[in-house]
Amino acid sequence: MVDLLWLVPAFPLLGTVIMLLLGRRLGDPRSGWLATLMPTASFIVVVGIFADLLSRPAAERHHVVNLFSWIPVGSLHVEMAILADPLSITMALFVTGIGALIHLYAIGYMHGDPKYSKFFLYLNLFIFAMLMLVLGENLLVTFLGWEGVGACSYLLIAFWHTRNSAAVAGKKAFVANRVGDFGVMIAMFLAFGTLGTLSYSGINEAAHGGALAPVTATAIALLLFLGACGKSAQLPLYFWLPDAMEGPTPVSALIHAATMVTAGVFLMTRIAPVLAASYHFAPMIIAVVGGVTALFAATVAVAQNDIKKVLAYSTVSQLGYMFMAVGSGAYVAAIFLMVTHAFFKALLFLGSGSVIHGMGNEQDMRRMGKLQLLMPITAMTFIVGWLAIAGVPPFAGFWSKDEILLYVFANNRGLYAIGLITALLTAYYMTRQVIMVFFGEAHWNDHSGEHGAHGDFVPHESPRIMLVPLVVLAGLSIIGGALQLPFSSNLHFLDRWLAPVVEESQANIAGTWASENKYLLLLLAVVIALVGIGAAVAVYLKRVINPIEPRVLEQAWYYDAAVSRVVAGPGAAAFNAVAWVDTHLVDGAVNGVATLVRSSAGITRKAQSGFVRTYAAVIGLGAVLLIAWFAWRSIA
Amino acid sequence: MELFVFVCAAVMVIVGAVGVVVRGNPVHAALSLVLTLFGIAVLFVAQHAEFLAAVQVIVYAGAIVVLFLFVVMLLGVDRAEDLRTDSLTGQRPLAVVVGLGLLGVLVAAIVSGTDAVITRGAGINGATIDTADANIVQLARSVFADYVVAFEVTSVLLVVAVVGTVLLSRRRATDVRPVSGRPS
Amino acid sequence: MIAVVVQPTPMWYLLLSAVLFVIGTVGVLVRRNPLVMFMCIELMLNAVNLTFVTLGRQLNDISGQTIVFFVLVVAAAEVVVGLSIIVAIMRRRTGANADDLADLKG
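Chains as they are written, first to last, in my numbering: chain A, 1 to 636; chain B, 1 to 184; chain C, 1 to 106.
These are computed hints drawn from the structure, not numbers from a lab. Be careful, since some hints might not be right.
[What the hints assert, rightly or not] Pairwise CB distance ranges, derived in the manner of DEER restraints:
| no. | chain 1 | residue 1 | chain 2 | residue 2 | range |
| --- | --- | --- | --- | --- | --- |
| 1 | B | Val11 | A | Ser634 | 29 to 39 Å |
| 2 | A | Leu625 | C | Leu104 | 19 to 29 Å |
| 3 | A | Leu596 | B | Leu158 | 45 to 55 Å |
[As the list claims (entries may be wrong)] Which chain A residues face chain B? A few, computed with CB under 7 Å, are given here:
| no. | residue |
| --- | --- |
| 4 | Gly602 |
| 5 | Ile603 |
| 6 | Ala607 |
| 7 | Ala616 |
| 8 | Val624 |
| 9 | Ile627 |
| 10 | Trp629 |
| 11 | Ala631 |
| 12 | Ile635 |
All C-beta atoms, glycine included, are put in the ideal place defined by N, C-alpha and C.
Bound conformation, chain A alone (with noise of 0.2 Å):
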């Protein structure tokens, strides 16, 4: 059955190719189930090899599928290889699962829209990107996946191309995204030039050997790191990820929630072992920046008003926890908040769709209200998500953010600081949302005069087809937590499915006061959780307190406009002159010498002047000089 690995992304990859030459003939809607047929197909096969490698010994849990060589070029030989282990294959599970789920969603959703077929072309364009990406066997086949993400994003976000604030974000996001390949790339030039391979396999057995020096694997981590921040929204580079919301709420549920922004994440893990070979500052510097990513976007998505802005700035917030959990050795908590961020982040984002469609396009949360009345299953399903993301248990966004908090706790007491505001700060927002959007005071008819006379609107549930991914994903927000429960290590599943890809890399905590003290810290969590709901029901529903939405944190810390700034300014002028050089000094080197043989060939060319008699003349002196040459040697 592990063998069988190779059809995981190629049904997308059909789908695509299918998609491509008859889409517009089969049209709205038979292109949307021939899509979403085939991330459905991949999950099938995805869970026949899972369950292929539960029935072997955990050491065995580890399968190449060569498909060719891809660049056998001297010392570099690249095998286009995808592989089957525990972290792809839960990677695979959940990149399909809910893959699958949003294309069911998104028939109907993007009922009615002219560019139908197309958008399903890209989305399973990108669910093969992302399957290259997580089952890659070598760094070059995930880098390829990465930049298909990449420019599938992109494709995407500005799928409504025609408005400009669509088309600008999607450059937005492939700019800032290639920064972050910058670093990949550089990232991968160095593992090919001291070790002198690119599979995972080579690298993180030499990281474990010591045959990687630190220095080389600081650099390679922190450079992958510069690519991850890329990609998964982390603060130097994270500007993207609001706009991109731009596009279509299923793209911004896929891509900008459970799959594209989890790369960064699934890359620092798989090569754990090279940040555990570097120096003890790097994963220091990760966690960090993870950390403040944390609270910066918890900050802002407090004053948002969009109601997909706040679910985006709940994932940049979210990333940084799983970047946290990755600097301080804990693996398994990042991919176990991964996953069930998955679950609910989705859950969430199709349901601020559902909502937006029965509200006619409107996404201004301001204008919302009560609506749980009209809308009762879509308000049902985002309860749920909200109490997981909140953490409050038994919903599984507790059980993860539990096990992060306690890994970050055995590692830097202010890194938990920081991770406890900020989810005091997720439980506040989020509950501002809840309430704002369907309970509360309805304002949907407020404004009804200036939208032309059309009387009452009366805001309306969604299709069924749209309702059946939301409750299916409102049930595994629900269950999730039970892939690591922390009352006994028997219930640690995910410890044990994870154990071979991250064993040795995974920071060992027990015996220090977190893990002796853990229930004290779970409660601890539970408290802020419900405090922080607490205050958002005193502020926007009772209206005891008056809310604090600060210009600053609306306008996000002003770093968009800071960023254009330095861009535009220094940044413009030191591309002006890097352009200046190439035009002149490389291009004027190599024109240089161009005009440099001219010229001199222009010069000698006077000596052919056609006469005969110049011909002989020189040849006559020429022997002269050979004869005397030679005679002289001979005489003297």
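Go by the hints and put chains B and C onto chain A.
Positioned in the frame of chain A, the structure of chains B and C alone reads:
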């Protein structure tokens, strides 16, 4: 006696050679060439190469120079050339340099090298000259026995030359008549 | 009869042929009429012939004269072909000289 012959022949050779170079009229130059060739023939006889002297007179002076004169008359290039100036700048000085240089080098080589050539070259080829046979017999023996391959090849060369000449100087139908107005 | 004191040594012949050769070279460089240039080349060939005969006599070898024999044949062939080329070119433009044939100018 040999000195007298040498001096006379040498004078003929030099005067004729200078005449070829200096005379503007091509016909005069051709006649000077004949003088030189006769001088060379005399020197051949003084060196006991009688056959070659005869051949020199018959072939060179009798055929080749006559051919030259035929072509001169055919093309009508018998107008005297203006030798006071040279259209190419620097050609005359360059010619002087080349000439003097060549002369110097050759004289140096001859003066210093002749003895070496003679002592080292003695006894290379067995066909010596001073035997009882006449010159033409010795020459014939050398050409037809020792160098017969070269002989055959030169006969091929002559055939090629004749064929080539006929082809090269064919007058094609599209040839323009000479501009000089002569009846063709 | 003048008492003969000196005999012409082979070196005299060689020097004479050297002078003849140089005169021929200078003639090729100075003259513009193609036919006269050709005649100067004949001068050079004759100088070489004289050298061969002289050295053949000194080395007591008939090969010197054999070579001259062949040189004569080849010179004849060369003159024939050369003159036909000149005829072919000069037929159309009479009054031309070597400087007018400058089509190989770079």
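Problem set entry | Hint check against the structure, violated hint numbers in rising order | As far as the earlier hints go, 4, 5, 6, 7, 10 are violated by this structure, in ascending order.
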